[in-house]
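Keeping their order, the protein sequence lines are chains A and B.
So the first sequence is numbered by my numbering: it starts at 1167 and just counts up by one.
So the second sequence is numbered by my numbering: it starts at 332 and just counts up by one.
Since the hints were derived computationally from the structure, they do not count as laboratory data.
Computed from a prediction, not measured in an experiment: that's the story for all the values here.
Ideal placement from N, C-alpha and C gives every residue a C-beta, glycine not left out.
Errors might be hidden in some of the hints.
Here are the simulated lysine-lysine pairs, BS3-like style, with alpha carbons at most 25 Å apart [stated by the list, open to error]:
1. A:Lys1206 to B:Lys354
2. A:Lys1270 to A:Lys1206
3. B:Lys374 to A:Lys1206
4. B:Lys374 to B:Lys418
If you anchor each label on the Cβ, the simulated ranges turn out as follows [said to hold, decoys possible]:
5. B:Ser415 to A:Glu1167: 22 to 28 Å
6. A:Ser1198 to B:Asp404: 39 to 45 Å
7. B:Gly346 to A:Gly1175: 21 to 27 Å
8. A:Ser1220 to B:Ser406: 30 to 36 Å
9. A:Gly1208 to B:Tyr388: 17 to 23 Å
10. B:Ser387 to A:Glu1167: 20 to 26 Å
11. B:Ile407 to A:Ser1232: 22 to 28 Å
Next come the chains, spelled out residue by residue.
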Amino acid sequence: EIVLTQSPGTLSLSPGERATLSCRASQSVSSSYLAWYQQKPGQAPRVLIYGASSRATGIPDRFSGSGSGADFTLTISRLEPEDFAVYYCQQCDNSPYTFGQGTKLEIK
Amino acid sequence: EVQLVQSGAEVKKPGESLRISCKGSGYSFTNYWITWVRQMPGKGLEWMGRIDPSDSYINYSPSFQGHVTISLDKSISTAYLQWSSLKASDNAMYYCARQIPGSKGHSKGVDSWGQGTLVTVSS
Chain A
1167 EIVLTQSPGT LSLSPGERAT LSCRASQSVS SSYLAWYQQK PGQAPRVLIY
1217 GASSRATGIP DRFSGSGSGA DFTLTISRLE PEDFAVYYCQ QCDNSPYTFG
1267 QGTKLEIK
Chain B
332 EVQLVQSGAE VKKPGESLRI SCKGSGYSFT NYWITWVRQM PGKGLEWMGR
382 IDPSDSYINY SPSFQGHVTI SLDKSISTAY LQWSSLKASD NAMYYCARQI
432 PGSKGHSKGV DSWGQGTLVT VSS
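Excised from the complex, chain A in its bound form:
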């Protein structure tokens, strides 16, 4: 089973700042099969990024994904108030399709 470790666990930033979230895999993951999701309290998750770097439909361009091998990054270039949420990465390269434990992005 591939273990995904996200860091930091909590990130405290202010609106307008840049956020960098990390997702590290216990073994190499094809970038085609790495996704990022956002979850707000009381809501279902929604997809942000497929294939490590492709934005899903309707996702603002301030969200970007990068990385390869075992290290992946989600960057939010300029935080908006609605971006404060929990973010998860998921690998769907090998079953079971594991999630990271999440990074909580909170308002400083």
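Chain A is already provided as a structure; the job is to place chain B on it using the hints.
Chain B in isolation, oriented as in the chain A frame:
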């Protein structure tokens, strides 16, 4: 519009059985896998398993194999998650999601989520 509509919240006692459902609409149901995800209170997302409606192939996470059963009824575009004997540790929100199918069991990820079904197990 793609929609996954899940059945409503359930309150059950330990030892009881339960089946929750997830109805897909707005797309060809057999073209996408259905995945189930557990979220325990205050915790993260856990992938439970997925089913391919085109051939009913099921792939369980080892963590959930033997504890739950995933099934579907193609004729009504509905997938199911069921327990034969619930435990208190099954208290959680359960999401179904549409998983993008790929070759050799790979997937680009989930592109649509149900609203979640809250399962409460308490004596």
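Taking the hints in turn, this is what the structure says about them:
1. A:Lys1206 to B:Lys354: This hinted pair holds, its Cα atoms lying about 23 Å apart.
2. A:Lys1270 to A:Lys1206: holds, 10 Å
3. B:Lys374 to A:Lys1206: Satisfied, since the Cα-Cα distance of roughly 13 Å is no more than 25 Å.
4. B:Lys374 to B:Lys418: holds, 18 Å
5. B:Ser415 to A:Glu1167: 22 to 28 Å: holds, 25 Å
6. A:Ser1198 to B:Asp404: 39 to 45 Å: violated, 32 Å
7. B:Gly346 to A:Gly1175: 21 to 27 Å: violated, 36 Å
8. A:Ser1220 to B:Ser406: 30 to 36 Å: Distance hint for A:Ser1220, B:Ser406 holds at roughly 34 Å.
9. A:Gly1208 to B:Tyr388: 17 to 23 Å: violated, 33 Å
10. B:Ser387 to A:Glu1167: 20 to 26 Å: For A:Glu1167 against B:Ser387, whose Cβ atoms are near 24 Å apart, the range 20 to 26 Å holds.
11. B:Ile407 to A:Ser1232: 22 to 28 Å: Between B:Ile407 and A:Ser1232, where Cβ atoms are some 42 Å apart, the hint is violated.
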